[in-house]
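A.B. asks: For reference, the chains in residue letters:
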Amino acid sequence: MPAAVTEAGPAPVSGGGQIAVQLQGITKRFPGVVANRDVNITVRRGSVHAIVGENGAGKSTLMKILYGMQRPDEGTISIDGRPLTLATPSDAIDAGIGMVHQHFMLADNFTVLENVVLGSEPTKTGGRIDFDTARERIRSISDSYGLDVRPDALVADLGVGDRQRVEILKVLYRGARILILDEPTAVLVPQEVRRLFGAIKELTGEGFTVIFISHHLDEVLEIADEITVIRRGETVATVLPRDVTASQLAELMVGSELPSPETRESTVTDRVVLEGRGLTVVDADGREVVKDVDLTIHAGEVLGIAGVEGNGQTQLVEAIVGMLPLVGGRLELDGTDITGWGTRKCRELGVGFIPEDRGRHGLLLEAPLWENRILGHQTEKPNSRGVWIDRRGARSSTDQIVDEYDVRTPGIDVTANSLSGGNQQKFIVGREMSGSPKLLVAAHPTRGVDVGAQAAIWEHIRRARRDGLAVLLISADLDELIGLSDTIKVMLRGRLVADADPATVTPEQLGSAMTGAGSVDEPAAPAPDPVAQRLATPDADAPGAAAADVVQEPSQPGPNASGESL
Amino acid sequence: MKSRLDPGRIGLALVAPVLALVFAVAIAVVVLVISGYSPLDTIKQMVDYASQPRTQALIVNTATYYYLSAVAVAIGFKMNLFNIGVDGQYRLAALAAAAIGGNVALPGPINIVLMILVAMAVGAMWSGIAGLLRAWRGVSEVISTIMLNAISTAIIAYLLRPGRLAVQTQGSNNIGTKPIPKSSQVPGIPLIPDAGMKVFGLIIVAIGVGVGYSVLLNRTVFGFDLRATGWSQTAAVASGVDVKKMLVVAMLLSGAVAGLVGMPQLLGQSYSYSLDFPTGLGFTGIAIALLGRNHPVGIAFGALLWAFLDQSSQILDLEGVPKEIVTIIQGATVLSVVIAYELVRRYRLVQEQRNVGKALGETSEPPVVSSGATA
Amino acid sequence: MSAITSTDTSPAPAGRSEGKRASRTSLRFIALAVLGLIVLLSVVRQVSGATDLTAAGAISAALALAVPIAMAGLGGLWSERAGVVNIGLEGMMILGTWGAGWAGYQWGPWAGLVAAIIFGAIGGLLHAIATVIFTVDHIVSGVAINILALGATQYLSKALFEGKPGGSTKQSPPVHDMGRFSVPGIGDPLGSLERHHWFLVSDVAGILRGLLTNLSWITILAILLFPLTYWVLWRTAFGLRLRSCGESPVAAESLGINVYRTKIVAVVVSGGLAGIGGAALALAASNFYQEGQTGGRGYIGLAAMIFGNWRPGLLAAGSGLFGFSDALQLRGGGSVHALLLLVAIVVVLVGLWQLYRRRVAQGIIAVASGVIVLVYYLVSDEVPAELTGAVPYVTTLLVLALASQRLRMPAADGLAYRRGQGS
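Residue numbers (the numbering used here), protein chains in the order written: chain B, 1 to 566; chain Y, 1 to 375; chain P, 1 to 423.
Treat the hints as calculated values from the structure; they're not laboratory data.
Every residue, glycine too, gets a C-beta built ideally from N, C-alpha and C.
Any given hint might turn out to be false.
Unchecked claim - A few chain P residues facing chain B, derived, Cβ under 8 Å:
#  : residue
1  : 235
2  : 237
3  : 240
4  : 241
5  : 247
6  : 250
7  : 252
8  : 253
9  : 257
10 : 260
11 : 411
What the hints assert, rightly or not - Listing some non-contacts, in silico: residues in chain Y with all C-beta distances to chain P over 10 Å:
#  : residue
12 : 19
13 : 30
14 : 38
15 : 204
16 : 209
17 : 214
18 : 245
19 : 305
Chain B with its partners taken away, still in its complex shape (with noise of 0.2 Å):
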């Protein structure tokens, strides 16, 4: 068997004998595209071995292979020494294998319990379900790890970090030694990630295995016993973490540094082009999902919402480009009252939006690529005249787009769903930079993309802020949102909640704010800098009230101490 590592040797890890997982040789095509080339992978039982690579290297289909989910072309899996085939998903639960998706397998409409014991159900005679059992195991392995499930809770009441904790505790009840935890952190803030790696080592002490995807390399540096890097489908290298740096392993993944968000110059100029006042949307119960939210964005300015998912911002920003309605509240957009405007209008007027789920909001994936260039853009020139469609115009406007963004992709008549997550972010951008609008409302400009396009999307974004763009931006990316924003806003049910200043903030103290643990009630404990200062300081209008009753530990006396305690 030829040598994977290529730099350091597979060193051995305190207490790790036996070999838990090992994978030989995978190779994985799908139609067009290689995804993972003679992969090989040793990870040892009872430590944390970390799968990094960027977007899009592989990593994910390498472990869809290791779960059963996917068929490797080539290559064995070994499990505890044992060569296996693992052809479903219930051949890898068998042989111990659980895997916490990345995005999340529940069953929004059923409780937690229904949840974990589906496919494992306990059953009384007749195949009748055993709940009492059920719930009385749950609770004993929630209790053991300090999940803090309840099984009787429906999952669509639960919020993200709750999710995440049913997920791993499927996979506990279902007697998995070894663990695969897909990007656990990328929807988590910094205090949930803290509590997320007890966990885990609380798990690896009593002699689980866990695999760990990421492409976070702090993250990674600080939870991992060994690290095995992969760069466009193959093995680059396995490394102990105390022998490597952040850098160098970012040298590993991508082949250069990584690019860094960071803006130097402000451009702000004092020409409002956004102003909103007193936003309120609700839902279609009538509960106020935003809550009286004042904003304003200059030209030139980039202004970043932070906010663990769910507390309001899809909808603010739906409300803004006129996808959901206000109740409350007035809009202006440069001067124009837009309260009330229909997405349309609003677009015409020079809003381009860069929306969170571009599979469903930003592309038509069916359609081709110069068609999806009229979309979101419909009535406006090069894309038609008058009522109709000006063919000529769409096709040499949308040659332009991929000449100027960068866009991999053969021809404009190939379907959007043929090209990649990178590339689809980078059209739809250019897109919605071309009719060189007032306001860009961007959600998750840069996820799921590889660090190429990132980077691109990065500079795209600076460079029209310095053109007097305004631009509105939410992100899950801490180190993405602190870099590239002027002023960044807490946004936390429904409310912006606290200022930060993006030259000072770090991101645990942003997520101290996020999770509303960050906020006390005495504005005279000491803090312990300007910045958490501003973070303690709610907004004049809310005054401490909702984020005080988030506040999980009313103990802690600072941000960071209630950091540490979760």
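Chain B is already provided as a structure; the job is to place chains Y and P on it using the hints.
C.D. replies: For chains Y and P alone, coordinates are given in the frame of chain B:
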């Protein structure tokens, strides 16, 4: 297919319906053999009968209203709306138009235009109910149009009574609306020589509807919005399409075209709406729209094929073979054609991904939508 | 049909694992609702003098007519709970009627029932293959199956029934009767009680006599299938897996559940149930297969399931409603006219409830429609015979228009699912 005439793609587009038809005929052959009839004789009789000029004229006439019905369905399909109610819409529309035409004494051509407009308005009104219910109350148009079909049957039964809209037809126990005056009848076109009958004059309207449908869909902003909504409602919303309005407008358009379905027959042949006015054309339209892939030309071929099967099978009963064998062929065609289209779609997707991969050099990133990649 | 109906934000009906409290509450609610309905019927009968409203004959007919609808609806429930929209129920029911007639006249009614189930299940299998394996649009496949079923039965009738004694191109030879079942010893006393036309007492007697005597075995089977379905789908491991395919097939597959197989089983069962509905028409409501016998009941069953909110209890209630209005219409007389009064009262009550819940628009619409119906009742003497046939359909539309926002279908209902689709 829409933008570039690539022979390979057109060939691929034809593979599916041809395969499906072959498959359906094969099933029919098996059924015939099992029930003791000779498939070869049966097919020969059908082909012989269809090669008579008179049958050909009948086929063209039948295809005319099938075409209109299929276009009505296709307008809905293009934005994922299922207008199963074409059936009720055209019958109600034809009844209303016939009643107006028979009772209003306007000069001929104006009366014709009036009848056509009334038919379109009534069809649109009836489908509009489903459109509004869907847009404002979230009621699935599938269910509501099925209900509306049944309701329209009841309404027609109620109205088509002596003393209401109907009169006794002379020399039979049939009843129907008062016949349309001669001046308002649309003359036929002697398209097929020696047929002994003419082709519906309103075939012109059908062709016009087809052209209009094509232009509207592919060349206008409205058509783009409609197709975008069909591809992805969420993306359409984000692009500024008012989906609720779109739902209603698409339903209205579909219903207006549905209103035309009965017109060739009413103005070109029966001149009154009576108990034996053709029914079930709406369901045929669904099948033909599927067969023709909602494409204006594809639908035309589908309509002709369907009409051929229907008309040429008329001879079979005389020969002792149940002519319902043709319904089996038709049902099997619909089912197998949608399956065949799906298989071709998957094949194409894989092909395209492979081509993209080849053109760009192999990367390690699989395409975002894996549905095609995991076959 | 998936996109708009579901608002998906209202909490789902209480999970049954929440314990017994929820089910006891809903039991009490059902009991109250039934009681209220009986009182309402008695009042309307007293006011209008339409004794047929609660006559044992009418109730018995209503039950018999509800069975085919209920079976189609139950079929829809099985299929849609597994995520497959089944508009082909009508076709499967047609296959069921034909199978019942064909096997029934040769080998007796019980063989007819078995054949009906098998024929319906074959229709279901076809739908399953098309939708699950080939991911054909569910409605397209359903429509195709309806066309195919109609053509096949017409063809087969011509080929097999024509020339047989009592058979024709559109009808099977007659089938022997299955026999009927009555709860012993209650028929006569209830009957005499009923004849007194006492308020409430006679009504209850009539209803009981209708429900407990002279029942077809297929009706009994159908009634038993409801608790059985509930038990299977909501209490057993198999049921949980089946429902998980309708809620989140991706999650189900990631836990090792064979989504394809589960869905196929569900749709085949669905077809079999629709087949039983067909048997009820061909063996219990009449004693032969006849072309057009189903008369769109497959669609009505689907509608009953939808406004039953994809749950068996409410589905049964909806089917009962349709059966009742069907029965009154068949029996003629003034009872359909009297039904208008009932409808008016119910719709006004619903409207007032909506107003109380501050759903102003719905409330006003409902009250207004109720008043219109009431006025129509007062100024007219009878409902034109041709229009009474439309009553179930109009009712369905009204109910859907008023209640659709509160309905929640399975999250992945009607969506194509392909193996390995999960990310």
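A.B. asks: Confirm or reject each hint.
C.D. replies: Do the hints match the structure? See the list:
1. 235: holds (5 Å)
2. 237: This interface hint holds because 4 Å falls under the 8 Å limit.
3. 240: holds (6 Å)
4. 241: Since the shortest Cβ distance to chain B is 7 Å, the answer is holds.
5. 247: holds (4 Å)
6. 250: holds (6 Å)
7. 252: With a closest approach of 7 Å, the residue 252 (chain P) hint holds.
8. 253: holds (7 Å)
9. 257: Where the cut-off is 8 Å and the nearest Cβ of chain B is about 5 Å from residue 257 (chain P), the hint holds.
10. 260: violated (11 Å)
11. 411: The hint holds - residue 411 (chain P) has a Cβ within 8 Å of chain B, the shortest such distance being about 6 Å.
12. 19: Holds, because the least Cβ-Cβ distance between residue 19 (chain Y) and chain P comes to about 13 Å, which exceeds 10 Å.
13. 30: With a cut-off of 10 Å, residue 30 (chain Y) remains clear of chain P, as the shortest Cβ separation is near 12 Å.
14. 38: Residue 38 (chain Y) clear of chain P: closest Cβ-Cβ about 14 Å, beyond 10 Å.
15. 204: holds (30 Å)
16. 209: Consistent with the label, residue 209 (chain Y) stays out of reach of chain P, its closest Cβ about 22 Å off (over 10 Å).
17. 214: Given a closest Cβ separation of 22 Å, the condition holds.
18. 245: Per Cβ check, residue 245 (chain Y) is outside 10 Å of chain P; nearest 14 Å; holds.
19. 305: holds (15 Å)
Comparing the model with each numbered hint stated earlier shows that hint 10 is the single one that does not hold.
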